[in-house]
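Asker: Residue numbers (the working numbering), protein chains in the order written: chain A, 1231 to 1649; chain B, 1231 to 1649.
Some hints here could point you the wrong way.
Identical chains blur together in the list; that is why a pair holds if it fits in one copy or across any two.
Lysine-lysine pairs mimicking DSBU-like chemistry, simulated, CA-CA at most 35 Å apart [unchecked claim]:
no.	residue 1	residue 2
1	Lys1637	Lys1515
2	Lys1538	Lys1636
3	Lys1456	Lys1559
4	Lys1460	Lys1636
5	Lys1462	Lys1312
6	Lys1513	Lys1592
7	Lys1642	Lys1462
8	Lys1513	Lys1454
9	Lys1519	Lys1454
10	Lys1538	Lys1610
11	Lys1636	Lys1261
12	Lys1637	Lys1462
13	Lys1610	Lys1595
14	Lys1467	Lys1312
15	Lys1454	Lys1559
16	Lys1592	Lys1467
17	Lys1519	Lys1538
18	Lys1637	Lys1460
Derived from the structure by calculation, the hints contain no laboratory data.
Number of protein chains: 2
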Amino acid sequence: MTRRNAFYAQSGGVTAVINASACGVIETARKHKKQIGKVFAGNNGILGALTEELIDTSKESASVIAGLRHTPSGAFGSCRYKLKSLEENEREYRRLIEVFEAHDIGYFFYNGGGDSQDTAHKVSQLGERLGYPITCIGIPKTVDNDLPFTDTCPGFGSVAKYVAISTREAALDVASMCETSTKVFILEVMGRHAGWIAAAGALAQDAAGDPPHIILLPEVPFSKQKFLAKVKTTVAKNGYCVIVVSEGTHYADGTFVADAGSKDAFGHTQLGGVAPTIAQMIKDKHGYKYHWAVADYLQRAARHIASKTDVEQAYAVGKAAVEFALAGKNSLMPVIVRTSDQPYRWKIGEAALAKVANVERKMPKSFISADGFGITAKGKRYLAPLIAGEDYPPYRNGMPAYVSLKKQLTPKKLPPFKV
Amino acid sequence: MTRRNAFYAQSGGVTAVINASACGVIETARKHKKQIGKVFAGNNGILGALTEELIDTSKESASVIAGLRHTPSGAFGSCRYKLKSLEENEREYRRLIEVFEAHDIGYFFYNGGGDSQDTAHKVSQLGERLGYPITCIGIPKTVDNDLPFTDTCPGFGSVAKYVAISTREAALDVASMCETSTKVFILEVMGRHAGWIAAAGALAQDAAGDPPHIILLPEVPFSKQKFLAKVKTTVAKNGYCVIVVSEGTHYADGTFVADAGSKDAFGHTQLGGVAPTIAQMIKDKHGYKYHWAVADYLQRAARHIASKTDVEQAYAVGKAAVEFALAGKNSLMPVIVRTSDQPYRWKIGEAALAKVANVERKMPKSFISADGFGITAKGKRYLAPLIAGEDYPPYRNGMPAYVSLKKQLTPKKLPPFKV
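Chain A on its own, in the form it takes in the complex (with noise of 0.2 Å):
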């Protein structure tokens, strides 16, 4: 087998455990030297490839390598960049092409969600087509956890855990203080199009009728009267209300119900989220007192309290990655399968590209309760594994001690391209 050169990227919205795939990828390749030289990651994603800016990841020593895998964000850069489809702009696949030829790159490492699954086997076709061959293999990355094919998204696991214990550490904090003070408080999490994040709320209830009371989801169209009756019931019964809510939530028509407020006197789009949005609608109909948080980029960065399980599995897929590649695979991403619930048992399994790309999958209707505010046992089931264990990052002075990188980048050998 020749020595080659290989390529790592990561792609789209970053996740605390990004870096743990990438850790994988690397640490797997330096054993590998006989068959993989150098890896070259691209400085801000598939950008860095276009531009030529490859990061020459042999100039980070093994400690800064292994200090990835605690460490958020994507080390690399990252980038929200599609490419177009093969016909639209065959230019920049073919661009892609002639940077990987001048260094030498006979592994393409893709770390990202559907769009860059779909990215990397088009590049895997066109190489073949013109006669450069290249093994491409995706790793999958995102907190939306909607990828086909495998149990779970690395990245998933850990806004997961964050969720579930924010909504049990919130709830707390309002079950203590309701009788005097704030009554309802509202939890604004990710997913604009799937409710995985504010489903993981769920599992902050230890026994029925525990906080969150409601969760609110973007598969289920929301009931304003509905909801306001929840709230008004559960607030009778326990003195307070807690809600998860996903910003995707919309209405039966598909508003989102954080669009759905108005503009305000100067004409400006409503500023808030979705959780100020149905605050105030608490409060005009109820009058309760409340608070509301927005999570925001905090649940998905939140490498202090990632999940275990999600390290783990993050790093899995990075190494496996290499190792289909070392093992003659092309077009595939490693996979979580799930071979038993409990105790929670996985092993890594393989999805080929051309299936994965653009697939979206959502929230299994099975997963959701009845009345459409809460998830059921067999939701909880699913999602309680992928919580389990902590991954405490090193300390200096109080704060986590996250790794920098040099980022050194190679000497280019073509002419500039305009992206």
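For this one, chain A is given, so just place chain B on it according to the hints.
Answerer: Chain B alone, transformed into the frame defined by chain A:
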């Protein structure tokens, strides 16, 4: 010394570590059974004393009481209920004394902020006057860090740690994506009158120029023009800008930035907080893509990442309160005395309740940088040790195993009282 019972109550906004103080009180009292009989805790704070809802903590096991040390929120219930002045409402103070007398309570431990210390002081004075001498010891607690005579307030260190870590994590996220996505990230934190909590964001900085690039404090009148200019230069220099903003940030005329927006088309006052308001300002002026988070209760409930120093101090002031009482001291509050910055050393001191009551400690001017957007080295030297150390709660199935109490009330002996 006659054996008497004790009464403990939690007051005002709860924290990640107020139960650690409760733990310190109860565990210490249990070690002195010859002097202290039962420890009753107010159900929902001082309200429980007025309504004679006294939780009998002797019914709680040693392991549950020990578990309070790692459980956030107010385990016995807290309340926002400020007793009026003695002149205006002597009736309530007299009721407290009646309830104390009915249950042979000789020690009153009141765990709260400035108002609570004031109440404890008045109860002590009135008891004396009515011929029912009662030992009143205040126990400091407030995330706002605004009590005088103490180097810091238990509860603050853990919020500070949460804010610093969240800022570091979100900043890494934004930095990795800013080339093609979000350029400005805003984290809104608590602090209506003082900027201590927002200031803690500065602990995310390891070197000059590190995020957060801008901290907005209530101590510095908000100038839209200066602010927007600083955002622009920051994005130009770093590619992105991270902002931590106090909810209490206001214009020179005292108007809160969060309130200065407008009403929406339905005449509602604006839903959002200060974060979405300044996000919109930035968007309008510079067009940058932004994200914002509002930490709200998550920050003060985040026991999962509590500061070890804070937990130890919270426990220590609870323990010291009992020891003060047993030593015959009265109308005092144990305080934290810093004896050294580096290495950080502290001990327990004492302050007279008469002096503590209703004095608010502001952040010193010397802690705020010349341009008003940051924290000086001196300020960081003060803040840094307060977040030192981690004190992780135990976990079960991936979730923190917080304890809950039986909260068994002791039988009432008095006629009802209308609060």
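Asker: For Lys1467 vs Lys1312, is the C-alpha pair at or below 35 Å within one copy, between two copies, both, or neither?
Answerer: between (49 Å within a copy, 27 Å between copies)
Asker: Indicate which option fits the pair Lys1610, Lys1595 if close means a Cα-Cα distance not exceeding 35 Å: within, between, both or neither.
Answerer: Only inside one copy: Lys1610 and Lys1595 sit 13 Å apart there, 51 Å across copies, limit 35 Å.
Asker: For the identical chains here, do Lys1460 and Lys1636 meet the 35 Å Cα criterion within one copy, between copies, both, or neither?
Answerer: Answer is between: at 27 Å across copies they meet the 35 Å cutoff, but 53 Å inside does not.
Asker: Have a look at Lys1462 and Lys1312 and pick one of within, between, both or neither, based on CA distance no larger than 35 Å.
Answerer: between (45 Å within a copy, 28 Å between copies)
Asker: Is it within, between, both or neither when you check Lys1637 against Lys1462 at 35 Å Cα-Cα?
Answerer: Classified as between: cross-chain Cα gap 26 Å, same-chain 54 Å, threshold 35 Å.
Asker: Measure nothing new, just compare the shortest in-copy and cross-copy C-alpha distances for Lys1519 and Lys1454 to 35 Å and report within, between, both or neither.
Answerer: both (18 Å within a copy, 30 Å between copies)
Asker: Up to 35 Å between alpha-carbons, please classify Lys1637 paired with Lys1515: within, between, both or neither.
Answerer: Intra 54 Å, inter 33 Å, cutoff 35 Å: inter-copy only.
Asker: Within a copy, between copies, both or neither: which one fits Lys1456 and Lys1559 at a CA-CA cutoff of 35 Å?
Answerer: neither (52 Å within a copy, 57 Å between copies)
Asker: Within a copy, between copies, both or neither: where do Lys1592 and Lys1467 come within 35 Å Cα-Cα?
Answerer: within (33 Å within a copy, 41 Å between copies)
Asker: Is it within, between, both, or neither for Lys1513 and Lys1454, if the alpha carbons may be no more than 35 Å apart?
Answerer: both (13 Å within a copy, 30 Å between copies)
Asker: Within a copy, between copies, both or neither: which one fits Lys1538 and Lys1610 at a CA-CA cutoff of 35 Å?
Answerer: Answer is both; intra-copy 18 Å and inter-copy 32 Å each pass.
Asker: How would you label the pair Lys1636, Lys1261 (within, between, both, or neither) given a Cα cut-off of 35 Å?
Answerer: Result: close within a single copy only, 22 Å intra versus 56 Å inter.
The structure shown violates the earlier hints numbered 3, 15.
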